[in-house]
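Enquirer: Next come the chains, spelled out residue by residue.
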Amino acid sequence: MVSNAVQLVKNVESVVSLPTIFTRIDELINSPDSNLTDIADVISEDPGLSVRLLKVANSAMFNFPAEIDTITRAITVIGTRQLRDLVLATKVISVFKDVDSDIINMEEFWKHSIASGIMARILASLRREPNTEYYYLLGLLHEVGRLVMYMEIPDLMSRAVTNSIDSNVALHQSELSVIGFDHSMVGAELMAAWNLPESMRDAICYHHRPSLSLNYVDDAGIIHVSDLIVNALELGSSGESDVPPLDEQAWESLDLSQFVLPDAIEQLENQYHEAVDIFLEDA
Amino acid sequence: MALIRISNIKPGQTVSTDVKDRSGRILLSANTELTDDNIKIIKSWGVVEIDIKGEVNDAVVDSNLTRVNPEQLQAIDLELSKRFRFLNKSHPFIHELFDVCLRRKLSAKGLSQESIDG
Amino acid sequence: MTERDDKQELMQLRKRVDYLERINQQYISTLDTLNSLGDIHGNVKQKRSPQHIFSSTRQYICRLAHFDLTAFLMVNEDNNSFEIDDCVPLNACDNLQETVDQLIDRGEFGWALNQNRICEPQFRMDGRRILLHVLASRTRIRGMFVGVLNETENVPSVMTLGLISAILYNSAYALESAMLYKMVLEQNEKLESKVVERTQELNLAQQALKKSNEELEERVKLRTAELSSSNRKLMAEVDRRKKIEASLRQSEEELIVARQLAESANHAKSDFLSKMSHELRTPLNAILGFSQVLEMDEEFIQSPNAPFIDEIRSAGEHLLNLINEVLDLSKIEAGKIDVQMENINFGEVMRECYALINPMAKIKNIKLIPLAESAEKIYIYADRTLIKQVFINLLSNAVKYNRENGKVEIKLENESNQINISVIDNGVGIRDDKQQFMFQPFNRLGVEASNIEGTGMGLVITRHLVELMDGEIEFESEYGQGTEFILKFNPGFASFETAANKTEPSRGIVSSIKGFTVLYIEDSAPNIRLVESILSKWSQIELHAALSAEEGIKMAIKLKPDIILMDINLPNMDGYEAVRVLKADASTASIPVIALSANAMQKSVKEGLDSGFERYLTKPLKVVEFLKLLGTLTGQVLLK
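Chains as they are written, first to last, in my numbering: chain B, 1 to 283; chain R, 1001 to 1118; chain S, 2001 to 2640.
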């Protein structure tokens, strides 16, 4: 019996491990000595990754006015740090490729995640966040906790689902009450296990209740709102059949006007299909 | 009325809706005629595509809200409301979101399961 | 483990430590930089100007990388275009504009604007790398930073780029801050000047108000003073008016009383005159009447006493004149003279006047020179009675105020539209200094003390009468030589009527007549005797007398006379009433009644004729007229 999220993650750690290429690129980026070419070389070692990166660089996500044909150019256009996050995002889906479930449709799951990532990126851009790819990554990763739970404790999850219908509550609330922890906690533990920054951990952990976050209210808030919007638009599904409740304080904190919504959603639509094609292709 | 990529617009064409940048700043009001100068301005703000009067569509845009009959509308509204039941619909953000979702459902261009699969 | 491995490990560790130290230093300097970014914002002295922000930003950035060119493009909020607000070096500005235009056209500029980080576009400026970074606050894009790297320079590291980004964000905020600050200052200034303006206005207004308040007070005081003064005046006026009213009322009452007195005095005068006229005329009636009777007596006419009758008659007539004069004056004054203008033969009038004046003239042996023959034929337009009076007056004056053996002459001049008649005497004349008083009543110019008779009314009356006849009177006099009175009248013309109007005294009677009865109602015995003596010439005429109206009525009913004579002034029932009774009674209604009265007033005559009298004869009786009337009424002729 798994008593908490930490335990759960520990159980799957071996299966679900952080791609090494990410760590290598991360180091290179942080090193003052390294340059663009070094990073480009590392990426080029993984052809699949390279192709995917170029596709992304040329997609509607970036809307670059000219064609990007080299990794170095892609790095220039996308940005170095941004690239690192994008690499992980690109890779993370393959991390879970062996995960299968009768309870959940993987494709739908990733569609939801991709859409959340795009929306998070759009919202971050509106808030003038410099590293928008970071938010794409967050969006992509925010629900993986659920994947882990579906892998490891399917029965409990099933019960949680039933309970959510019967008790008329959101799924994540049902998770908490039935299992004792929810997918956001699990997700956060996974980030920790992957040695990813505290910011990522926090943002994912509190994406259903951002106000509770100590230091990363706004990051969590962005993910929270993105998840909500994508749920409302029914782009893919993460198991949540209805739109989860809004943390109104978090929304206020983001200081966004509700009228950005139509444009943001339009931008999402512009980028979504292409992104799904790129990221789920041969996932 | 058609969405034309910024690289394809020409002076003399007329914009059918307001041209805004990503943050909502109005660069050109609806029904303004395009000139070299204002095309330059639109470009400098990173606008990707704009609505031009009388042109063939670059992208498919369709909103046929008027074609919906009241029964359909009511059914869709009801369904949507069920999904939104955990939310306070009077909250401005939620209200806007609900509205957008409703429109999306009503328009031919829907991001429904079917169109994605196809 | 070999020593070699350890050494390698140590070297690696050292490398690592070096690396970490370097990283550390970088981080520290980064932190320092970040700490001091406040400089960019500037202080009050630097006035937070965009220029200062640009230059201090530039300082920081250029420490981090080697830029050939750095420029800040700001959004023109009016048209949303990007303008180069700051460029170093300045001479590269045109080049830069070209480059920016290219970037915009390629879409790389717009793309970079939305990236929130340092972007390197594909396009290069003369082969040198370009770095773009949006200048934006959380709320609004404010501009774009453009940096051109030196050709030797590589792209800065991620950390450096991050730092540059942080600096530029800071600058964007500073610019926004400066702009807002400027706006606030401007608003403040505007506000201040507005406040000053308003305060001034307010002051002025206050002053104006104070002034007008003072003025108002003044005016109020003035008004109050005026009002109370007016009030006092009003009260005084009211008092005055009341007093006037009171005195007016008093005067009114007095006037009423006075008028009443005047009226009663007038009445009294009229009554008196009437009475006097009557009293005087009645005896005169006897005198003149009887003298007329005597004149008709053929026997008496033969006797040597006959001329005495003339004298008597003359005197009587003069007395009558005097009475008439007094009566006339009052008539004139009362405006009651009845003027009957007609064409009068001057010669005829003169003969009558001369006849009357003769006795007077004889006394002083004054010669009355007769009229020229031509004068006798002249007609004038005047009133017969009045013209006679005028001439009688003038002639009597001419005689009265003449010397012994003097002469009076009448001359006539006939101008086409005017007859000039002069009465000339060669008497004493009138002194120059007294001439002005000629026509004054009662002023006899000093003759009062003399034995010359006169009322002093003559000339006054004369002039009135002349004027009534639309004539004029003047006089010329020379003391010691004589006096000439000149009268001017309108000419008349001859007509047959005048001949017929002559009343010639007839002295012959027709003896054989048809008889008739006359009833005379009269309370005065002498008057009865007079009529009796007149009618005694005809034996055929039967005369009855009654002394009162009541008796007369009885007798009339009984006798049914042919003619009734009635005195108006009867005791008890008067003549007017009596005749009405007679006329009312069927048995006496057809009998003609002749009024005999001393009352010659117009009013009385009219009343008489209205009451029912056939004719109204005035006393003293004109016998001839009387007899003619009787003849007419009985349808025969009594006199030859």
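Worth flagging that the hints you see were computed from the coordinates, not collected in a lab.
A quick note: this is a predicted structure, and the numbers were derived from the prediction, not measured.
The beta carbon of each residue, even a glycine, is placed where N, CA and C say it ideally should be.
Any given hint might turn out to be false.
Stated by the list, open to error - DEER-style ranges, computed between Cβ atoms:
no. : chain 1 : residue 1 : chain 2 : residue 2 : range
1   : B       : D277      : S       : K2015     : 40 to 46 angstroms
2   : B       : E45       : S       : K2015     : 42 to 48 angstroms
3   : B       : V51       : S       : R2140     : 34 to 40 angstroms
4   : R       : P1011     : B       : N35       : 54 to 60 angstroms
5   : R       : T1032     : S       : L2020     : 36 to 42 angstroms
6   : B       : V51       : S       : S2049     : 37 to 43 angstroms
7   : B       : N35       : R       : S1081     : 36 to 42 angstroms
Stated by the list, open to error - Some chain B residues well away from chain S (every beta-carbon gap over 10 angstroms; in silico):
no. : residue
8   : S31
9   : T80
10  : K97
11  : P130
12  : T162
13  : Q258
14  : I278
Enquirer: Are the hints correct? Go through all of them and say.
Expert: Verification of the supplied hints:
1. Distance hint check for D277 of chain B and K2015 of chain S: the Cβ-Cβ separation is about 44 angstroms, which falls inside the suggested range of 40 to 46 angstroms.
2. About 24 angstroms separates the C-beta atoms of E45 of chain B and K2015 of chain S, a value inconsistent with the hinted range of 42 to 48 angstroms.
3. Separated by about 39 angstroms at the C-beta atoms, V51 of chain B and R2140 of chain S satisfy the suggested range of 34 to 40 angstroms.
4. Distance hint for P1011 of chain R and N35 of chain B: a CB-CB separation of about 44 angstroms, inconsistent with the stated range 54 to 60 angstroms.
5. In this structure the supplied range 36 to 42 angstroms is violated for T1032 of chain R paired with L2020 of chain S, their Cβ-Cβ distance being about 58 angstroms.
6. Distance hint check: the CB atoms of V51 of chain B and S2049 of chain S are about 51 angstroms apart, inconsistent with the given range 37 to 43 angstroms.
7. Between N35 of chain B and S1081 of chain R the CB atoms are about 56 angstroms apart, so this pair departs from the stated range of 36 to 42 angstroms.
8. Against the 10 angstroms criterion, S31 of chain B falls within the reach of chain S, whose nearest CB is about 7 angstroms from its own CB.
9. With a minimum CB-CB distance of about 4 angstroms to chain S, T80 of chain B fails to clear the 10 angstroms threshold, and the non-interface call is violated.
10. Distance check on K97 of chain B: its Cβ is at least 30 angstroms (rounded) from any Cβ of chain S, clearing the 10 angstroms threshold; non-interface status holds.
11. Listed as outside the interface, P130 of chain B is inconsistent with that label: its C-beta sits roughly 4 angstroms from the nearest C-beta of chain S, within the 10 angstroms cut-off.
12. For T162 of chain B, the shortest C-beta to C-beta distance to chain S comes to about 44 angstroms, beyond the 10 angstroms cut-off, and the non-interface label holds.
13. Distance check for Q258 of chain B against chain S: the nearest CB is about 16 angstroms away, which clears 10 angstroms, and the non-interface claim stands.
14. At the 10 angstroms boundary, the C-beta of I278 of chain B stays outside the reach of chain S, the nearest C-beta of that chain being 19 angstroms off.
Taken one by one, the earlier hints fail for this structure at numbers 2, 4, 5, 6, 7, 8, 9 and 11, listed in ascending order.
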